Structure formats: C-alpha cells, structure tokens
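Undergrad: Okay, here's what each chain looks like letter by letter:
There are 2 protein chains.
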Amino acid sequence: MAQPSIIFYDIPSSSVIGHQPWSPNTWRVRYALNIKGIPFQTVWVEYPDIEDVCKKIGAAPTSPIAPHYTLPVIQDISTGAVVSDGPLIVEYLDKQYPNTATLFPSGTVALQYAFVDAHITAISPIFPFSIPRVNEIINPHSEPYFRRTREASFGKKIEEITPVGEACAEGWEKYKDGLGKVDGWFKKSGGPFITGDYVTFADVTVASWMVCLKIIYGENSQQWRDIASWHDGRWDGLVNAFAKYQ
Amino acid sequence: MAQPSIIFYDIPSSSVIGHQPWSPNTWRVRYALNIKGIPFQTVWVEYPDIEDVCKKIGAAPTSPIAPHYTLPVIQDISTGAVVSDGPLIVEYLDKQYPNTATLFPSGTVALQYAFVDAHITAISPIFPFSIPRVNEIINPHSEPYFRRTREASFGKKIEEITPVGEACAEGWEKYKDGLGKVDGWFKKSGGPFITGDYVTFADVTVASWMVCLKIIYGENSQQWRDIASWHDGRWDGLVNAFAKYQ
Numbered sequence: 001m002a003q004p005s006i007i008f009y010d011i012p013s014s015s016v017i018g019h020q021p022w023s024p025n026t027w028r029v030r031y032a033l034n035i036k037g038i039p040f041q042t043v044w045v046e047y048p049d050i051e052d053v054c055k056k057i058g059a060a061p062t063s064p065i066a067p068h069y070t071l072p073v074i075q076d077i078s079t080g081a082v083v084s085d086g087p088l089i090v091e092y093l094d095k096q097y098p099n100t101a102t103l104f105p106s107g108t109v110a111l112q113y114a115f116v117d118a119h120i121t122a123i124s125p126i127f128p129f130s131i132p133r134v135n136e137i138i139n140p141h142s143e144p145y146f147r148r149t150r151e152a153s154f155g156k157k158i159e160e161i162t163p164v165g166e167a168c169a170e171g172w173e174k175y176k177d178g179l180g181k182v183d184g185w186f187k188k189s190g191g192p193f194i195t196g197d198y199v200t201f202a203d204v205t206v207a208s209w210m211v212c213l214k215i216i217y218g219e220n221s222q223q224w225r226d227i228a229s230w231h232d233g234r235w236d237g238l239v240n241a242f243a244k245y246q
Numbered sequence: 001m002a003q004p005s006i007i008f009y010d011i012p013s014s015s016v017i018g019h020q021p022w023s024p025n026t027w028r029v030r031y032a033l034n035i036k037g038i039p040f041q042t043v044w045v046e047y048p049d050i051e052d053v054c055k056k057i058g059a060a061p062t063s064p065i066a067p068h069y070t071l072p073v074i075q076d077i078s079t080g081a082v083v084s085d086g087p088l089i090v091e092y093l094d095k096q097y098p099n100t101a102t103l104f105p106s107g108t109v110a111l112q113y114a115f116v117d118a119h120i121t122a123i124s125p126i127f128p129f130s131i132p133r134v135n136e137i138i139n140p141h142s143e144p145y146f147r148r149t150r151e152a153s154f155g156k157k158i159e160e161i162t163p164v165g166e167a168c169a170e171g172w173e174k175y176k177d178g179l180g181k182v183d184g185w186f187k188k189s190g191g192p193f194i195t196g197d198y199v200t201f202a203d204v205t206v207a208s209w210m211v212c213l214k215i216i217y218g219e220n221s222q223q224w225r226d227i228a229s230w231h232d233g234r235w236d237g238l239v240n241a242f243a244k245y246q
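Residue numbers (full-length UniProt numbering), protein chains in the order written: chain V, 1 to 246; chain Z, 1 to 246.
To be clear, the hints were calculated from the coordinates, so they are not data collected in a lab. These numbers come from a predicted model, not from an experiment. Check each hint, because a few of them may be wrong.
For chains that are exact copies, the list does not tell them apart, and a pair is met inside one copy or across any two.
[Said to hold, decoys possible] Under the rule of at most 16 Å between Cα atoms (straight-line distance), these lysine to aspartate or glutamate pairs were calculated in the EDC-like manner:
hint : residue 1 : residue 2
1    : Lys188    : Asp85
2    : Lys188    : Glu91
3    : Lys187    : Glu51
4    : Lys188    : Asp94
5    : Lys188    : Asp226
6    : Lys157    : Glu143
7    : Lys187    : Glu91
8    : Lys174    : Asp52
9    : Lys188    : Glu160
10   : Lys157    : Asp232
11   : Lys36     : Asp76
12   : Lys157    : Glu136
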C-alpha cells in the first residue's frame, strides 16, 4: 500500500451510524482524494477540539469573524502545505497533483464556485431536518458544542428545529422542490454529471450531500427512500456512481 | 446592411430615459445577438400586449402557472422557430448559428444555468430599488399593468417598496454585499470574464443587469456612481467591455 502523503482532518461519528464519516463538507475532500487516487490518512477531530488542532498545525480559519475554524483541513506531508476549506483544498490538489483527475477544469472555476453557492441555497430546506439528526449521531464529546452553536443559530432547542405535523410535510416538500432545481441543472448537462460525462467538484458537492443523508438516516429510512424515489432516481444513482470513491 | 434574420421582441421605455431598452432579461438576448453578429429587427411590445403578441406568433409561456408570457421572445425568419426565455433563446442561437461566438460552450451549460440562479439570488436586494424606478421609465400604456403586478408581488404600493432612511442605507449595503459575492466568483476566474478570457452567457447576464441599472438611473446618478466605485470598478469595467455589443 502506498504511503499516505496527505493527512486529512475529519469529524467522527458515534456507533449510532457505525462510526462512518458523515459531514458533507469533509466528504467533498474525501471523495476528491479518492477520485485522484492520492493516499491519505484520516485524523478524527471532535468539534470542541477543531480550533486548537487548526491553530497547532497552522490551518487558516475559514471565516475571519470570531475567527472561525472548520474542517476539512489537509496537511500535505510532501510540501508542508496546510490548507483549509473544501473548495480551496481541491483547488490545491488540482494544482499540486496535476497528473490526477482535474476537478476544477480550466475555465470552470468561477462557474463551479457559483454552482456551489446555488446548490446550498437550493437545498437549504434540508437543514431543519438534517441538523437535529446530526446531533444524534456525533460523539458525546462533540454533542454539547454542536447543540450550543446550532441552537444559537436557529434560536430554538435542537429538539424543536425539525417542524412537526403539516409543517413537517411542507418543509420536506420544499426540500424536494429545491432538489428539483438541482435536477433541472443536471438535465441541462446532457450527461450523468454536471459537465456531461466527466466528474467535477460540482458533482462531488452534490454527491457529498447525498451520501451523508443516506449515512445519517440509513438507507432503509423513510427519508432516504423518499429521496431515492425522487427525480427519476437521480440521487441514488449519483451516490452509486460515487461508491467506488468512498 | 444585412437583412435581419431575427425578429426580437423587447419592452420599450419612455422619453424619461430616451426610449432606451432597459430590461435585463431582454438585454441578455440583445447582447447575445450583437456578440454573435446576427442581424435583427426589434419589435417593441408594451406590457399589457405581451400575452396577445406571444399567442399570435406561437411563443410558449415561460411559466405554466396562469400561464405567464414574458419577453424576450425571438422569431427566426429563416427557420420559422419562435423561442421564449433568454437562456433558451441563446441556447437556440448557439445551435442554429454554430459559426458565431458560442455563449454556452460544451460542458458549461448546467454550470451556467446554476450561475444564473446564484446570480439572481445574490443581487436580489436590488429589486426594492430597481422596480419602483422601472415604473417611472416605462410608457404610460405599460405603467398600470406593471404597477398592479408588482404591487401584488410586494404587497405594498409601488411608491412604498424602496426603503427609506436607515433601512434604505441598509438595503443598499445588502445589494453591495450581494455583488461582493459575484465579485468573488469573478476573482476565481483568473480573467475579466467568468471563464477567464472569453465571454459566456454568465458574463452576458451580469453585464445585462449592470447596463440596465446604468440606463434606468443614469450614469451621473448617485446609484450608478456608487456601483461604479465598488469592487475595484469591476461593474463599470464590465459595462464598458460590453459597449461594443450595445
């Protein structure tokens, strides 16, 4: 087996989901490393420890406000580079490892950044559903941190973020509508991926969200069965197409 | 002069702005036709007449709800095709006139549609400013229609849509922040245009909004002076780069 040249910092989950990686943000880099075939070693960091670890290895904050430190972060042993933030990490890998699959082909970088913004806007109705679920699948050491920050952001108890009754059905329908927009973009591509036949960071972003929903809910959950049944099975198909990069 | 092969349906303005075209949606097609060098003839249609004209020439509605008819629409004399909706018109022109500049290069169609969505989300804080201004510069025949539909959409009198006092300054700052996001995408491109060095529909979309704001407010207005001063002069520069296509 090849020696790992990259240390990849990710956030662990508990035994509730079998300790699988679960974060869409870190999955983008995990997929990217696997697509490129770059050997890496995962270091698991609990939420309350992210800031200290980042400062210790010299990783930049991803927001200057506070400042705020997040994962994914990578450390490239061969160059000494430490890079934060999913898209920037993948740009770095494209540049540093030019003989691997390019995820930001020339001329598409700005378009792909706009795609990522449009995608998160479109799927944002998932947050009130996914965030309380994430709180159930992370480790006890991370839970109070995650709960505190998400409760502050939503202005309510984490148990009260997911709507109930009619509002729940409406919220879930809104998420389906948002995914319908993403489906509309895919339909314009003329192929299974956003550029047509080859994978770029845009696909990696969509697939990362999908694989994480499948992981946090479980493939036999009503949530994943719904999603897998929508838009002619596009989302399950995408996760399956990416299975070889997991 | 070449015979026009395209009839281009656009919405007129009054003498207040010298009867210039003013709609960002129709400007995208105007720019595209000029970039491609396809001769066209403009037919001016007032708002209350759009539906009747579209039905008469066989133009599809752009929304199935109601159904709703909008401009731009083109009629291609050489093929008999009638196409509605800016992006679809430009896709048609790319396909039908392959020896002209391609605005949706292969592999970028889905990314550009996502870009257009991300762009309109980013700049949406302009609406409370631009819509009441548009009401002042269209013809008297269109004004009651425009007023009625926009007042219904905002739930207030058109004269009350633009915020005043502190809320006005805050709203304008929000628009600047939204443009900052668009500026961030451009910075990722490594060139003056979204793909780098060549113009695509994404640039045409941004330029169309900018030229329209310059036209409806006037180049000596405080609004345009503000915009032209932001983000290292990117927006004025973009309008100037497109001047040869006006």
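Undergrad: Against this structure, judge whether each hint is valid.
TA: Going through the hints against the structure:
{"no.": "1", "hint": "Lys188 / Asp85", "verdict": "between (28 Å within a copy, 15 Å between copies)"}
{"no.": "2", "hint": "Lys188 / Glu91", "verdict": "between (25 Å within a copy, 11 Å between copies)"}
{"no.": "3", "hint": "Lys187 / Glu51", "verdict": "neither (41 Å within a copy, 28 Å between copies)"}
{"no.": "4", "hint": "Lys188 / Asp94", "verdict": "between (26 Å within a copy, 14 Å between copies)"}
{"no.": "5", "hint": "Lys188 / Asp226", "verdict": "neither (24 Å within a copy, 36 Å between copies)"}
{"no.": "6", "hint": "Lys157 / Glu143", "verdict": "within (13 Å within a copy, 48 Å between copies)"}
{"no.": "7", "hint": "Lys187 / Glu91", "verdict": "between (26 Å within a copy, 14 Å between copies)"}
{"no.": "8", "hint": "Lys174 / Asp52", "verdict": "neither (38 Å within a copy, 34 Å between copies)"}
{"no.": "9", "hint": "Lys188 / Glu160", "verdict": "neither (38 Å within a copy, 39 Å between copies)"}
{"no.": "10", "hint": "Lys157 / Asp232", "verdict": "neither (36 Å within a copy, 43 Å between copies)"}
{"no.": "11", "hint": "Lys36 / Asp76", "verdict": "within (14 Å within a copy, 46 Å between copies)"}
{"no.": "12", "hint": "Lys157 / Glu136", "verdict": "within (14 Å within a copy, 48 Å between copies)"}
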